[in-house]
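For the record, the sequence lines run as chains G and X.
Heads up: the first sequence begins at 1 in my numbering, then just goes up one per residue.
Heads up: the second sequence begins at 436 in my numbering, then just goes up one per residue.
In short, the hints are calculated from the structure, not lab data.
On a predicted model such as this, the values are computed, not experimentally measured, just so you know.
Here a beta-carbon is modelled for each residue, glycine too, at the ideal position from N, C-alpha and C.
Just so you know, not all the hints are guaranteed correct.
[To be verified] With a cut-off of at most 20 Å between alpha-carbon atoms, the simulated EDC-like pairs for lysine to aspartate or glutamate come out as follows: (1) Lys363/G to Asp337/G; (2) Lys542/X to Asp288/G; (3) Lys394/G to Asp416/G; (4) Lys542/X to Glu590/X; (5) Lys580/X to Asp327/G; (6) Lys542/X to Glu356/G; (7) Lys394/G to Glu356/G; (8) Lys542/X to Asp532/X; (9) Lys363/G to Asp327/G; (10) Lys619/X to Glu590/X; (11) Lys580/X to Glu590/X; (12) Lys542/X to Glu245/G.
[What the hints assert, rightly or not] Label pairs and their calculated CB-CB ranges: (13) Thr579/X to Val88/G: 46 to 52 Å; (14) Ser549/X to Asp280/G: 15 to 21 Å; (15) Gly265/G to Asp511/X: 42 to 48 Å; (16) Leu417/G to Pro470/X: 18 to 24 Å.
Below, each chain spelled out in residue letters.
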Amino acid sequence: MPVSSARWPPWPRADLLTWLRDGLVAARRGLAVALLSQLGAVPLLVLSVVSLGLLPLGVGFITLPIALFAVRGLADLHRRFLGSWCGVAIPSPYRPREGDEFELLDVPSSVRYCRLLLTDRSTWRDLLWLLVDVPVGLLLGLLPCWLMIYGIHGVVATPLFWPLMDPGYGYGLIWPVDSTTAALLSFFQGTGILLLGFWSAERLLRAHSRITRRLLSPTAEAYLSRRVAELTETRSAAVDAQAAELRRIERDLHDGAQARLVAIGLKLGLASQMFRKDPDTAYRLLADARAASAQALAELRDLVRGIHPPVLAERGLDGAVRALALDLPIPVQVDIDLPGRPEPPVESAGYFAVAEVLANVAKHSAAGSAWIRLGYADGRLRLVVGDDGGGGAKVREGGGLDGLRRRLAPFDGTLDLHSPVGGPTTVTMELPCVL
Amino acid sequence: MRVVIAEDLALLREGITQLLTLNDFEVVAAVDDGPSLLTALLEHRPDVAVVDVRLPPTFTDEGLHAVTRARRELPDLPVLVLSQHVEHLYARELLTDHRGGIGYLLKDRVFEVSEFVDAVRRVAAGGTAMDTSVISQLLQRNSTKDSMRSLTTREREVLALMAEGRSNAAVARELCITEKSVSKHTNNIFGKLGLAQSGDDNRRVLAVLAHLNF
Chain G
1 MPVSSARWPP WPRADLLTWL RDGLVAARRG LAVALLSQLG AVPLLVLSVV
51 SLGLLPLGVG FITLPIALFA VRGLADLHRR FLGSWCGVAI PSPYRPREGD
101 EFELLDVPSS VRYCRLLLTD RSTWRDLLWL LVDVPVGLLL GLLPCWLMIY
151 GIHGVVATPL FWPLMDPGYG YGLIWPVDST TAALLSFFQG TGILLLGFWS
201 AERLLRAHSR ITRRLLSPTA EAYLSRRVAE LTETRSAAVD AQAAELRRIE
251 RDLHDGAQAR LVAIGLKLGL ASQMFRKDPD TAYRLLADAR AASAQALAEL
301 RDLVRGIHPP VLAERGLDGA VRALALDLPI PVQVDIDLPG RPEPPVESAG
351 YFAVAEVLAN VAKHSAAGSA WIRLGYADGR LRLVVGDDGG GGAKVREGGG
401 LDGLRRRLAP FDGTLDLHSP VGGPTTVTME LPCVL
Chain X
436 MRVVIAEDLA LLREGITQLL TLNDFEVVAA VDDGPSLLTA LLEHRPDVAV
486 VDVRLPPTFT DEGLHAVTRA RRELPDLPVL VLSQHVEHLY ARELLTDHRG
536 GIGYLLKDRV FEVSEFVDAV RRVAAGGTAM DTSVISQLLQ RNSTKDSMRS
586 LTTREREVLA LMAEGRSNAA VARELCITEK SVSKHTNNIF GKLGLAQSGD
636 DNRRVLAVLA HLNF
């Protein structure tokens, strides 16, 4: 009777391979961070401390800002790597630099910056981190690699080459290794140590990232002051934008519909005066008045569309975005999955954001088709617009996408652009809201 | 011809009532919100209805909803939808049932009284009346198609008017040409677009709109 192989669970080969690969990747990353720490941290720590010591002599004022900015760079690098590897975003705690740029070898600017840096608590936390990271980072980073190498040594070298080793040679817990039994035991020890290396790699990397996060995350105070700065900036931008928008509407009404209504009234007045004397002229004036009223309506329609599109009021984001897609000269695939309607301001911001990105697609991308995806997850409205055009789009200061990002900022909204040369381009916008 | 009007702005409601009455329509009901529109349509079963898209109580597309529901009960109820703005999206929804008897026009079109009355009559007779702006946008979208490029300027003009739902006679009047040359142009257009000719005006319109991926 053939043995049914299905009864035996298949050897989880794929799982094991993944596990081994993950271990190797984590070990490599740990090693990279450790080397980064040693190569960067030690000199920077020395330079910072020396600069602090040299402050009374004046030289420190020149070197300290350089050292501390380099420390910030190194710290940001750690924040980025450890944050992205371990899935815990570590925000940067530094106060935004106010206005003027730092100039090297310019004494007043250096003194100003030294004061700024030394009164920033995150500077001192950075230095503390350096102090801790030099030994701890080295230990945590090198340990998995060392375990793996030592494990391989036990698995391969000891059982094969023990007779060639120096007298007194030992491995693991066995000193000395002087018999085949001892060599065989070393093999098992080595296997254990090797596996321990793989097992520990990711855990140690996580531990390292936790320590880094503890020391490098902004304090509550730093976080709040950053947030206040952010809110102040976006609030003033929002107020400016609103004022500009009202001015635009006023101007459009004044120069457009209002002027046309005056003209219509004038023509109607003339027509009634001419009515008996010169019916032909009166008829022509009436036709003119009719044409002017159609023009005024068209202008008002455009204006209303720019303020709050009727289709958005009538159908919400879903219908309004579909209507936008239909207006585009290329085929657009629309995929919308929203559990409800966002608050009107968010809805409107989302609509105009999609409208602007689509206008960009039509204008610049030379795309043959595009797609829109609207979804909601984790308290965020997600709007993605993609096209199969030439790509290579950039967020330029003062450009359309930059302006769009600014307009989303008061809602704590974000915009990410992914546009490699050759395409495709995707713009992902997220707006926090409650549905 | 019996007509039901739905428009929430009193001034406009009276204006349209007056306009239609002067042109030999009998206005059997003039209502100002969605629910009473539905009731009026089902009760009076008019020859045609003239309906504003946005109506109370929700001030959303209440008018469209009432029309859709009424046409579920009375499939051949002809409806002319009026709006301050036209949306390709709504036009497409109105035409999905391919039954004809549908119009969708900007409110401005009432300025051209005779053309407007013409459109109401056409819809009442089971025809189509699509707003010029919807059609021109549609043609714009399709302008890169090979079949569209092969048309002459005059043929494109004829196609646009035809897509709005006008008869050969109306097209001839609009372009100041004879009806005979209009039918020559339509023959050419149908040939170039690869569409089967049809004597039925409404089916002709729908074929053209389908070709344009309406």
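Of the numbered hints stated previously, which ones are contradicted by the structure, given in increasing order? 1, 4, 6, 8, 12 and 16
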